[in-house]
Amino acid sequence: MTIIHFQFLSAILFSLGLYGVLARRSAVLILMSIELMLNAVNINLIGFVAFRGFGQEIQTFGQVLIIFVITIAAAELALAIAIILRIYRNKNSVNVDEMNILKG
Amino acid sequence: MNSFITTDELLLIAPEISMVILATLVIILDLVIKNKSILNFVASFGLLVPIALSFNLLDGTSQFAFAGALRVDYFGVFFKIITLFATLITILISEKYSKKFDDYQGEYYALILISASGMMLLASSVEFITIYIALELSALPLAALITFIRIRSSAESGIKFMVLSALSSAILLYGMVLVYGFTGTTYIEDLSQIINRSLINSELTFGGGALLLGVILITCGFAFKISSAPFHMWAPDVYEGAPTPITAFLSVASKAAGFAVILRIVYSSFSNEQIGMDWSVLIATLSAISMTLGNLIAIQQTNIKRLFAYSTIAQAGYIMVGLAALSSLDGGQDNAGPAGILFYLFGYLLTNFAAFTVITLVSINTNSDSISSYSGLLKRSRLLTLIMTISMISLIGLPPSVGFMAKIYIFGSAMDTGLQWLAIFGVLNSVVSAFYYLKIVKIMLIDENENSEKIQLTTNMSLAGLSCVFGIVILGIFPGSIIEVAHRAVESII
Numbered sequence: 005m006t007i008i009h010f011q012f013l014s015a016i017l018f019s020l021g022l023y024g025v026l027a028r029r030s031a032v033l034i035l036m037s038i039e040l041m042l043n044a045v046n047i048n049l050i051g052f053v054a055f056r057g058f059g060q061e062i063q064t065f066g067q068v069l070i071i072f073v074i075t076i077a078a079a080e081l082a083l084a085i086a087i088i089l090r091i092y093r094n095k096n097s098v099n100v101d102e103m104n105i106l107k108g
Numbered sequence: 312m313n314s315f316i317t318t319d320e321l322l323l324i325a326p327e328i329s330m331v332i333l334a335t336l337v338i339i340l341d342l343v344i345k346n347k348s349i350l351n352f353v354a355s356f357g358l359l360v361p362i363a364l365s366f367n368l369l370d371g372t373s374q375f376a377f378a379g380a381l382r383v384d385y386f387g388v389f390f391k392i393i394t395l396f397a398t399l400i401t402i403l404i405s406e407k408y409s410k411k412f413d414d415y416q417g418e419y420y421a422l423i424l425i426s427a428s429g430m431m432l433l434a435s436s437v438e439f440i441t442i443y444i445a446l447e448l449s450a451l452p453l454a455a456l457i458t459f460i461r462i463r464s465s466a467e468s469g470i471k472f473m474v475l476s477a478l479s480s481a482i483l484l485y486g487m488v489l490v491y492g493f494t495g496t497t498y499i500e501d502l503s504q505i506i507n508r509s510l511i512n513s514e515l516t517f518g519g520g521a522l523l524l525g526v527i528l529i530t531c532g533f534a535f536k537i538s539s540a541p542f543h544m545w546a547p548d549v550y551e552g553a554p555t556p557i558t559a560f561l562s563v564a565s566k567a568a569g570f571a572v573i574l575r576i577v578y579s580s581f582s583n584e585q586i587g588m589d590w591s592v593l594i595a596t597l598s599a600i601s602m603t604l605g606n607l608i609a610i611q612q613t614n615i616k617r618l619f620a621y622s623t624i625a626q627a628g629y630i631m632v633g634l635a636a637l638s639s640l641d642g643g644q645d646n647a648g649p650a651g652i653l654f655y656l657f658g659y660l661l662t663n664f665a666a667f668t669v670i671t672l673v674s675i676n677t678n679s680d681s682i683s684s685y686s687g688l689l690k691r692s693r694l695l696t697l698i699m700t701i702s703m704i705s706l707i708g709l710p711p712s713v714g715f716m717a718k719i720y721i722f723g724s725a726m727d728t729g730l731q732w733l734a735i736f737g738v739l740n741s742v743v744s745a746f747y748y749l750k751i752v753k754i755m756l757i758d759e760n761e762n763s764e765k766i767q768l769t770t771n772m773s774l775a776g777l778s779c780v781f782g783i784v785i786l787g788i789f790p791g792s793i794i795e796v797a798h799r800a801v802e803s804i805i
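Going down the list, the protein sequences come from chains L and A. The first sequence begins at 5 in this note's numbering and counts up by one. The second sequence begins at 312 in this note's numbering and counts up by one.
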């Protein structure tokens, strides 16, 4: 295991997540893809913290950032699910193709 | 590094703390009090406390707080004051509109205040973790606010905002992690030293692709926030579905906070002459695309909120002209470009809120956001017609308005730094924009409407509208004081 492995894994997961956001039709799956992107960021961070050979103090910055990313991702997800639920009650579907009242 | 929080540090973030206290107070009052109209009064008058505290911090010194994560300087406080004024006017014009929310008025005001406190933090944070948290603190309440009306389009624009804001913050984070991993720092200031050092030691710009990629991803994340092309697609849909006062808040406060961080990053990372040159061309191109796209699509709009969404994209393009005219370039003395951004944002605050005061009132009265519902507004309310006309004049950039002064200043800085083509492009775009802004004026003044019932203004509404109009005209004639403040603000971050 070296830092390169972490970098590759993270880059692949991030790209998969981005693909998911662009290609998926269900709003819930889009959220899961965003979660995947955030976790790719975390894996990248873990790689840097563990194998980059930073000093103690610099390592702490990375670890703190990981905890914040996890926490904020949870908050973000909770809010997004609430909004999706609202849409579902309105029209019994969470398909993003049908969210077309506002033409963009 | 001191791990304890001292009282001095708490004083430095006193405006933000007082905002959160005010938000809590509003929620508690909402629980106990039956008469909800008092909430608006409490929220707007309570805002005078953070405004006073912010002005108190304007003493010209730069102080660090919380292990260097926050830097409270002239620049940060300037943006705090812009955010606070935007919040104050948003709350003032929400007075009638918030009746739609019945039992949820307390939450409505509290969420606005919390989101504003996030933007204020963003303006003075100089460290990546803090920037990320402040960004989310400002974006999450906004997503909830956008979804606040109980109609389908509101929920739809809420989910669009939520998904795109989460996506942009994931991209931003990936950039931050790359920068952290390759430089070992999360401080913007250290980053600039590392970049300058790497320029000397290595042939590659930024000393390698990874750091460059990181900085690019961070910039992309914030380009979403300021709705510049090519990250502008969310704006029209979100602006249309959101409650009207929130649309105004989004278009001014959220954009100002985004520009605050972008300016800090640009100054630290691209202040070097060699890099500045390359980036200036890139930003100039994006700015030209942004204004052309915004102006051309705005022409065909029939919904006033959508029109303002495209107008705001175009305005982001004008503001980015100042970003392209970095002072590190030839002839770029006195930081004219960045100071122009600050002046433009202040003018934009007044202009856009003047327009949105009218839009909010008309949408309450006619239950419609279509431009045709403005026909015959002259007969229905002279004051509203006056406010809207002056605001349109300022948006086009005609004298004697603050929009004219801001455009002269910002395009002038582009001329000085060898971006003549961009300045000409900007002026041509202003001419195109005159078409759709003046179309609104024409509809208000000339077109007939069978509904000639008078529109009643409340005290809050006329206060908000008239003070904005007053500001537009006064700053259009005597812009000196704000320009001086803007220069001091920019000098404080270098």
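Accuracy of the hints is not assured; some may be wrong.
[As the list claims (entries may be wrong)] Computed list of chain A residues with no C-beta within reach of chain L, every gap over 10 Å: (1) Glu-320; (2) Val-331; (3) Ile-338; (4) Phe-439; (5) Asp-548; (6) Ile-600; (7) Val-743; (8) Leu-777.
[Said to hold, decoys possible] Under the rule of at most 27 Å between Cα atoms (straight-line distance), these lysine-lysine pairs were calculated in the BS3-like manner: (9) A:Lys-411 x A:Lys-753; (10) A:Lys-411 x L:Lys-95; (11) A:Lys-690 x A:Lys-765; (12) L:Lys-95 x A:Lys-765.
Bear in mind the hints are in silico, worked out from the structure with no lab data behind them. Built from N, CA and C at the ideal position, the CB exists for glycine as well.
Here is how each hint holds up against the structure:
Non-interface status of Glu-320 of chain A relative to chain L is upheld: no Cβ of that chain comes within 10 Å, the nearest being about 18 Å off. Every Cβ of chain L is farther than 10 Å from the Cβ of Val-331 of chain A; the closest lies at roughly 16 Å, confirming the non-interface assignment. Interface exclusion of Ile-338 of chain A from chain L stands, the closest Cβ pair being 17 Å apart, more than 10 Å. Listed as a non-interface residue, Phe-439 of chain A fails to keep its Cβ farther than 10 Å from every Cβ of chain L; the least gap is roughly 8 Å.
A cut-off of 10 Å between C-beta atoms contradicts the statement that Asp-548 of chain A is not in contact with chain L; the least separation is 4 Å. No Cβ of chain L comes within 10 Å of the Cβ of Ile-600 of chain A; the nearest lies about 18 Å off, and the non-interface call holds. The claim that Val-743 of chain A is not at the interface with chain L holds, since no C-beta of that chain comes within 10 Å of its own (minimum 22 Å). At roughly 33 Å from the closest C-beta of chain L, the C-beta of Leu-777 of chain A stays outside 10 Å, upholding its exclusion from the interface.
Distance hint between Lys-411 of chain A and Lys-753 of chain A is unfulfilled; the C-alpha atoms sit about 31 Å from each other, more than 27 Å. Distance restraint check for Lys-411 of chain A and Lys-95 of chain L: the Cα-Cα separation of roughly 22 Å lies within the 27 Å cut-off, and the hinted pair is therefore satisfied. Only pairs whose Cα atoms come within 27 Å are accepted, and Lys-690 of chain A paired with Lys-765 of chain A is accepted, the gap being roughly 8 Å. Restraint check for Lys-95 of chain L and Lys-765 of chain A: not satisfied, since their Cα atoms lie roughly 38 Å apart, outside the 27 Å limit.
Hint compliance for this structure: hints 4, 5, 9 and 12 are not met, and every other hint is.
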